[in-house]
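Full structure from sequences and hints, please.
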Amino acid sequence: MTAPPIVQLKATGKRFGAGPPVLEAINLEVERGEFISLIGPSGCGKSTLLRLIAGLTPPTAGEIIVDGMTPANAREEVFFVFQDSNLLPWRRVAANVELPLMLRRDLTLKRRERVKAMLELVGLGDAAEKYPWQLSGGMKMRVSIARALSVAPHILLLDEPFGALDEMTRDHLNEDLLGIRARDPFTAFFVTHSVAEAVFLSTRVVVLSANPGRVHRVITVPFPYPRPPELRETPEFLQLLAETSRELRAVRH
Amino acid sequence: MTAPPIVQLKATGKRFGAGPPVLEAINLEVERGEFISLIGPSGCGKSTLLRLIAGLTPPTAGEIIVDGMTPANAREEVFFVFQDSNLLPWRRVAANVELPLMLRRDLTLKRRERVKAMLELVGLGDAAEKYPWQLSGGMKMRVSIARALSVAPHILLLDEPFGALDEMTRDHLNEDLLGIRARDPFTAFFVTHSVAEAVFLSTRVVVLSANPGRVHRVITVPFPYPRPPELRETPEFLQLLAETSRELRAVRH
Amino acid sequence: SRDAAPKPAPGGAPTLTKVILQTDWYAEPEHGGFYLALVKGYYREAGLDVEISQGGPNSMPPQKVATGAATFALGRSDDVAIANSRGIPIVMVGALMQRDPQAIMFHRESGIHTFKDLDGRNIMAVPGSTFLPIMEQTYHIKVAVTPLDFGLSRFMADKNFVQQCFITNEPFYVRKEGAKVETLLLSDSGFSPYRVWYAKRSYIAEHPEVVRAFTAASIRGWREYVAGDTAEANARISSLNPKMDAEFMAYSVKAMQDFKLVTGDPALGESVGQIRRERIEHELKQMAGIGQFERPVTVDEVFDGRFLPPEAQPAAPGK
Amino acid sequence: MKRHLPWLLPVATGALLIAAWYGLKRLFHVESFVLPAPDEILTAAWRERRALISAVGLTAQGAVLGFLAAVGVGFGLSMFLAFSIRIKQSFYPYILILQMTPVIILAPIFVLWLGQGLPSIVAITFMICFFPVVANTTMGFISVDRNLQELFVMCNATRSQEIRYLRVPGAMPYFLTGVKIAGTLAPIGAITGDFLAGSAQNGVGGIGFMTITYFSQLKTPALFATGMIACLLGFLFVFGVNFLHWFLLHQWHDSLVRKE
Amino acid sequence: MKRHLPWLLPVATGALLIAAWYGLKRLFHVESFVLPAPDEILTAAWRERRALISAVGLTAQGAVLGFLAAVGVGFGLSMFLAFSIRIKQSFYPYILILQMTPVIILAPIFVLWLGQGLPSIVAITFMICFFPVVANTTMGFISVDRNLQELFVMCNATRSQEIRYLRVPGAMPYFLTGVKIAGTLAPIGAITGDFLAGSAQNGVGGIGFMTITYFSQLKTPALFATGMIACLLGFLFVFGVNFLHWFLLHQWHDSLVRKE
Ligand SMILES: Nc1ncnc2c1ncn2[C@@H]1O[C@H](COP(=O)(O)OP(=O)(O)OP(=O)(O)O)[C@@H](O)[C@H]1O
Ligand SMILES: Nc1ncnc2c1ncn2[C@@H]1O[C@H](COP(=O)(O)OP(=O)(O)OP(=O)(O)O)[C@@H](O)[C@H]1O
Ligand SMILES: [Mg+2]
Ligand SMILES: [Mg+2]
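Protein chains in written order, with this note's numbering: chain A, 1 to 253; chain B, 1 to 253; chain C, 1 to 319; chain D, 1 to 260; chain E, 1 to 260.
Do not rely on the hints blindly, as some may be mistaken.
[To be verified] In the SDA-like style, the derived pairs of lysine to any residue whose C-alpha atoms are separated by at most 25 angstroms in a straight line are:
| # | chain 1 | residue 1 | chain 2 | residue 2 |
| --- | --- | --- | --- | --- |
| 1 | C | K142 | D | P119 |
| 2 | B | K10 | D | V153 |
| 3 | A | K130 | E | R164 |
| 4 | E | K25 | E | R47 |
| 5 | C | K159 | E | R26 |
| 6 | C | K180 | C | E247 |
| 7 | B | K110 | B | D126 |
| 8 | A | K116 | B | N211 |
| 9 | C | K260 | C | R277 |
| 10 | C | K142 | C | F115 |
| 11 | D | K25 | E | G115 |
| 12 | C | K142 | C | E109 |
| 13 | D | K25 | D | P38 |
| 14 | A | K130 | D | S143 |
| 15 | B | K110 | D | V153 |
| 16 | A | K130 | E | L244 |
| 17 | E | K25 | C | R175 |
| 18 | B | K130 | D | R146 |
| 19 | C | K18 | C | R306 |
| 20 | A | K130 | E | P169 |
| 21 | C | K176 | E | T43 |
| 22 | B | K130 | E | L148 |
| 23 | C | K285 | C | S192 |
| 24 | A | K130 | B | T60 |
| 25 | A | K116 | A | D171 |
| 26 | A | K116 | E | N156 |
| 27 | C | K176 | E | R47 |
| 28 | B | K130 | D | Q149 |
| 29 | C | K254 | C | S192 |
| 30 | A | K130 | D | N147 |
| 31 | C | K285 | C | L268 |
| 32 | E | K25 | D | T101 |
| 33 | C | K142 | D | I53 |
| 34 | A | K116 | E | L148 |
Just so you know, these hints were derived from the structure itself, not from any lab.
Note that the structure is predicted; figures quoted are calculated from it, not measured.
In structure tokens form, the structure reads like this:
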């Protein structure tokens, strides 16, 4: 008997008010430890899908089960990197990163250390005492990533976390993410516009079509973990990349 | 005698308060009609550089001349696509796009048309009556782009305008941008994290180093306009791309 | 308990009964008799430890007496009657003034000479005052009322302004500023209440001797005060209310004497402290006539004449 | 059931409070001339209905006009102050002085210049209501998002365009809070105005006049009835302002937009 | 020069206003018992200095205590209301009633229960000041950014954590505006309290007492001097609140942060 899927979407649909459906008939079963990338055109409902899994908004059709519970009940295991950095303007960087740990009443000592380690990881070790308005756009997003990683949730929802970062930082954080995952496995839902990033990180890539958002194709990525940076140059990788790009292009018209 | 450069930065430096210098000794002369891309690691001062050219913040060293004037005086010719979409939350999409035209007292009739055309261009023809909170992240950025294009300024400052967009939309908008530029030439300063985009669009790519931000290298892109999409696959293009990436990687350590 | 029931004064060898007198305004010569009795020790002689609690614009003497926060309080006889009709069981036991010092004041330039001349005018007065409708009835006139704000600048600024006042008080200040001011005493308006002290009905029943002692000592104080022995009492008043300067107090005392406010008219058989049953009866009838009462009020309810010393008792009717 | 909660809950609380009112009265023997029972107040209101109804008209008039003046002038004044920091530095202290001077000191001046009655009552209501509008609107104006300010700079907006299209809409939530406070103060202001500058024929003036009348006649239940009327009047303002809040903000502001 | 503008400007405006004051007085022959000239006011203040100084102590005490109570209770009440929409629906109307009932109606209750003097003055000051704090803080609480709210949901924050770490800091700009209004009302509140519930035992009344005294003695310049003192007292509050505003917000809020 296999373990039950950690996230199940059953014919899930979503519309806002009386508007047209944003998502329609989404069916997806995700195993514990999977890394699912979501790609699709702007406005196709990727963020909405993550918000559904997080229980921040209820589906208007179908059902979502997270770890055997409703999304709202499973929230303790989930954390979200929002599309915009969502920092509290009155807290310094370190205090912003510390926030979820504090709210969950983690020990002060342990959490200070963790905050420090995560800020180092995202390359903001010396920005700890700054206020959000003193940061660049990319720095804010990195603070938001550090905040999520410090929580070490079982399920991590990432909404274009690296969109505002340069390629180098991005590749570096990609590898860090896989490193953390190797030590301390989590299930990830990862929205990105970079097909290369999606293929490099994921176990499966979900390509969404727009108007309404539907699952166009699910592409399984066969490469074993750990994935070395050199993987990016292998012909197998490049071929899968090309295929995924083709699928993505197919959903647009 | 050649025409004077439209933007001149002379040993320009910037520090915030008593903090470390963010930008140092930036020297740059930009001719009318050039398309300058700025690339560099997150937090190196790209946005700050644009804000200096726009006159939104004064340099703390050196000088900036825009069309023979101070940046503040030249503002009429300049428009800015900010790093975050910066929409007025109480105005619908169309009204947001219309705002700068209205403030500049353009004729109502002409501006309605223009707004419509620009929204079509960015693929948001049917979102005209929505409020910003009803849009996805990428849609908001597209509204912001439509707003800037509708102004048709002589100098366009674009701070990662396409970061939140999928590749398809992005490529499409890249080509649109060049199309507009061909009909109605403007000088562009374009911040991006996509080296391919930078090379495809620009006359020159400026690679900035971090801490403090300096001009690491300026790479001239020799390809003539109009640039067809197929250019992206030519060996010359790929070689320049590789070189630029190498330079970018060199500034990081 | 806030009930001001008699209790022994601390320390003192002869046990004195604690009594609180709530006045209706800040210390002023209109309370002179009480202060005199206090400073000269007349209350102490009578076995009372009296504390005079100064009033003000909102000191609510009837309520304080009714709730036991004060033993005695000062007011007009019509106030006592109204209070009874509203369920506040207070009873007047003696009068500090036979005539109310309240008056109407106006500028000589206004052309007013009698109450009749007030017809159609605007008067700044306390809204709801009993005298207003009775005056209108008596003189067949109609007036408009502006709420009394206790200020004088509007009077000074407008030669046609008519304002309710204390004859012992406001005319002094406006005269000083050069206004030619004339007055009409309200007691001639058709309605003439006493100014009285009163206590709670149950207190009177339980402590008649305290009421008797207080009444006698107060009348003694008042007799001497209006007779001109004001120095010590006024010194106390101005120590309590520094706004009371000698010139002003002399003016007040003189007005009280000139208009026979405290003593009344001996020719009519009036004397210090006296309250006549017939006058109260007439007053109640007048008030009932203008609908002041929510339920009928009888003389016995509002007035108890037993505590007046013999010299203050009205002469037997028919004399 | 759930649909009706917004109505039922306050009614239930009201019932509890009224029960407590009776209970306390009984427990501490609070007499009716200090604190009348609700039924006594209603009875008194009914008994005095003729006087109260004609009084309420006058007071409502003063309250509405004073309120409108306070909102209009307060808003205009804030806009004027927003034009430049120099203007604000020059005038704000004097606006504060206007607000902080007890109205009883200024009332005789109003009466002298505007005459007794409505104009002075309106002026006094205005004096009491206008500052919350100014304080809130001004705070709203200076709290505007810096990024949006930079957008307006890039649009070459004039100062008045910036105020009109950026600061005014951005300050709406603050402004409306000020208006809400002004609304609750307006009936009190008109009653105070009636105290200080009102006048009455045949013993019937505005609510303020009736308040002193009942006060001086020891008609405590009727006195509380005037308070009740002041509250009812106030609720009309509150409803009006709440509607305005909804009308102006429901499409975009976080206080009202429901993100599904 | 530029450095001194923040001081010079209001002084210059003040000088102009005073000139206008003298001018109007002369032009319209406004007499001093209606509107005294500034020098007469100062002279009167000096002449009455002993009485005024002892009066100001009592009033300041009442104002400060009432103000603190209003800010503390107002803030606490708003937090309580923020806990759930049900609580708010249940209680907000009654808070409004408390605010909208003219204080003169409640004053007798205070006087009878708390006695004449400081406690009643504090209670009346409180009544006059607390609502602007509640109205503003409540608006601040409901205006909180939805995205940040979602962050707190994802952090599994309890309601009280959300209030403490999100709504309270987010509502600070609103709260402080309410406090600012309360600050300007506090001296007026204490003076009103002194009117309605003051005692002048032993000859020491507050500013309210002095106000009635001067008013009834036609000492108009001295009357205006009490107004001046009320304003000075008010300015102390305003300075205090402005400092608090700066202290709490200068590091992050758009109203104070200067983006270079
Ligand atoms: N207002 C400010 N006050 C203080 N420091 C600031 C301010 N604005 C920016 N900085 C600092 O200046 C540096 C450059 O910021 P800038 O926004 O220009 O970076 P950037 O190159 O645009 O980065 P990104 O790609 O992440 O947007 C950063 O280190 C940032 O912390
Ligand atoms: N609160 C809302 N009310 C109404 N419509 C909404 C709301 N939120 C999102 N939408 C609509 O739902 C659609 C999907 O939005 P969503 O944010 O999920 O897109 P996305 O795939 O994340 O796009 P992007 O890549 O641009 O972030 C959009 O058309 C948007 O207009
Ligand atoms: Mg999205
Ligand atoms: Mg940037």
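Q. Which hints, by number, does the structure contradict?
A. none
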